[in-house]
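For reference, the chains in residue letters:
Protein chains: 2
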Amino acid sequence: MEIKVVKNILKANDDTAANIRDILNKRKVCLLNIMASPGAGKTTFILKLAECLKGRVRLGVIEGDVASSVDSKKVAAAGIPVVQINTEGGCHLEARQIRNVLRDLPLEEIDLLIIENVGNLICTATYDLGEHLRIVLSSVPEGDDKPYKYPGIFNLVDAVVVTKTDLKPYMDFSQEEYDKAIRTINRKVRIIPVSAKTGEGMTELCDWFIENMK
Amino acid sequence: MEIKVVKNILKANDDTAANIRDILNKRKVCLLNIMASPGAGKTTFILKLAECLKGRVRLGVIEGDVASSVDSKKVAAAGIPVVQINTEGGCHLEARQIRNVLRDLPLEEIDLLIIENVGNLICTATYDLGEHLRIVLSSVPEGDDKPYKYPGIFNLVDAVVVTKTDLKPYMDFSQEEYDKAIRTINRKVRIIPVSAKTGEGMTELCDWFIENMK
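Residue numbers (this note's numbering), protein chains in the order written: chain A, 1 to 214; chain B, 1 to 214.
Since the hints were derived computationally from the structure, they do not count as laboratory data.
Hints may contain errors.
[Unchecked claim] Here are the computed lysine-lysine pairs in the DSSO-like style, where the Cα-Cα straight-line distance is at most 30 Å:
(1) B:Lys-197 x A:Lys-180
(2) B:Lys-180 x A:Lys-74
(3) A:Lys-197 x B:Lys-180
(4) A:Lys-73 x B:Lys-180
(5) A:Lys-74 x B:Lys-168
(6) B:Lys-54 x B:Lys-197
(7) A:Lys-54 x A:Lys-28
(8) A:Lys-11 x A:Lys-48
(9) A:Lys-73 x B:Lys-168
(10) A:Lys-11 x B:Lys-168
(11) A:Lys-197 x B:Lys-197
(12) B:Lys-168 x B:Lys-74
(13) B:Lys-54 x B:Lys-168
(14) A:Lys-48 x A:Lys-28
Sequences are here, hints too, so could you generate the full structure?
So, in structure tokens, the structure goes:
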């Protein structure tokens with residue numbers, strides 16, 4: 001019984017995700033799903049990405065959080081169109097929630113629509129949101145062993161962005177060990193270390209987006 | 001249909017949790033459930049706690065992870081009895097998993113049995129594991145706004161341990177703002193800032209355990 005219900009939910013989610021992709025393909029909007037642990041730096045990352053893509057790519061943002069509108073306020077303050085979804089206890093976003101808010105965004109003025117998913121390295125990996133690109137943010141303070149512990153999400157994504165690299169001098173974090181861990185799970189995924197503070201990696205990252213946006 | 005299934009699962013979980021509490025009460029073992037984001041420092045915290053409780057409280061550990069036995073190897077190397085549960089994609093531990101491994105631990109030699117739950121600030125809050133004490137670890141690099149975003153878990157716990165305080169000089173983290181955020185959700189919970197690196201707060205923390213263990 002339990003398994004059947006779960007399967008039905010996932011099937012319905014996949015159908016809605018396919019519908020979202022159709023809608024956005026017609027409007028030439030690329031949808032990006034950003035996943036990460038709580039506090040990995042998703043919102044700061046979005047704000048930095050907006051800076052370096054300015055004049056080239058027009059952004060829109062869907063903020064997913066269990067509660068609060070802390071993040072959407074920051075994004076709105078940067079002049080980026082944004083809607084907030086509060087899951088009220090839900091541990092991930094689902095496609096129907098994304099479709100519901102598409103009408104609240106000026107899609108004709110957006111090239112790259114970014115979903116900041118709920119802070120969760122596990123449940124978010126199960127739900128297709130209709131995205132064209134998926135990335136996971138993994139921060140230096142979380143440690144270089146994270147890929148071993150959460151293989152599902154690291155296997156799923158188009159790029160792994162290692163954030164907060166400016167903290168490396170103060171942590172036991174080896175980029176070499178981290179890359180080795182990723183390669184046991186995903187041989188080909190692009191790994192991009194960045195720091196919002198020093199700007200490290202941001203140019204490489206923006207180039208990656210320009211190249212991979214459909 | 002969906003809701004009914006979820007309710008049945010939670011009821012079965014609560015019954016098993018009550019049974020675990022009975023078993024452990026008879027053996028005078030206190031069960032502690034540690035919850036946190038991925039990379040908040042749960043394993044390091046357990047190893048530091050073991051050091052400062054040495055000779056006073058005998059520990060045992062149940063390690064919960066989606067995959068790998070990285071953490072249980074570290075705990076075993078410190079001479080602490082440990083069992084590993086791999087959830088293989090599951091986003092939290094459930095009471096039946098805890099009961100299943102009790103037989104693999106030398107309960108007669110353990111005063112404080114510690115569960116290191118899966119790294120997840122949302123789903124772990126829903127499942128009673130038969131614990132007597134619940135704490136959440138929240139690391140400085142995750143930011144001082146986390147309580148607003150994950151209110152459920154911060155409302156549930158007996159203590160909030162703020163880890164990695166040695167990183168405060170390098171981060172935009174205000175302990176005052178963090179405490180304010182916690183107080184909007186949980187007026188009474190004890191907040192204990194600690195650093196495994198400098199030892200800050202470890203004595204206060206150990207005293208809290210001695211005082212609150214049943």
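Hint by hint, here is what the structure shows:
1. B:Lys-197 x A:Lys-180: The given pair, whose Cα atoms are some 26 Å apart, holds under the 30 Å limit.
2. B:Lys-180 x A:Lys-74: 19 Å, holds
3. A:Lys-197 x B:Lys-180: 26 Å, holds
4. A:Lys-73 x B:Lys-180: 19 Å, holds
5. A:Lys-74 x B:Lys-168: It holds: about 22 Å lies between the C-alpha atoms, which stays within 30 Å.
6. B:Lys-54 x B:Lys-197: 18 Å, holds
7. A:Lys-54 x A:Lys-28: 18 Å, holds
8. A:Lys-11 x A:Lys-48: Roughly 35 Å between the alpha carbons, so the hint for A:Lys-11 and A:Lys-48 is violated.
9. A:Lys-73 x B:Lys-168: 24 Å, holds
10. A:Lys-11 x B:Lys-168: Since the Cα atoms of A:Lys-11 and B:Lys-168 sit roughly 45 Å apart, the hinted pair is violated (cutoff 30 Å).
11. A:Lys-197 x B:Lys-197: 24 Å, holds
12. B:Lys-168 x B:Lys-74: Status holds; Cα separation ~26 Å.
13. B:Lys-54 x B:Lys-168: OK: B:Lys-54 and B:Lys-168 at ~29 Å, within 30 Å.
14. A:Lys-48 x A:Lys-28: Since the Cα atoms of A:Lys-48 and A:Lys-28 sit roughly 23 Å apart, the hinted pair holds (cutoff 30 Å).
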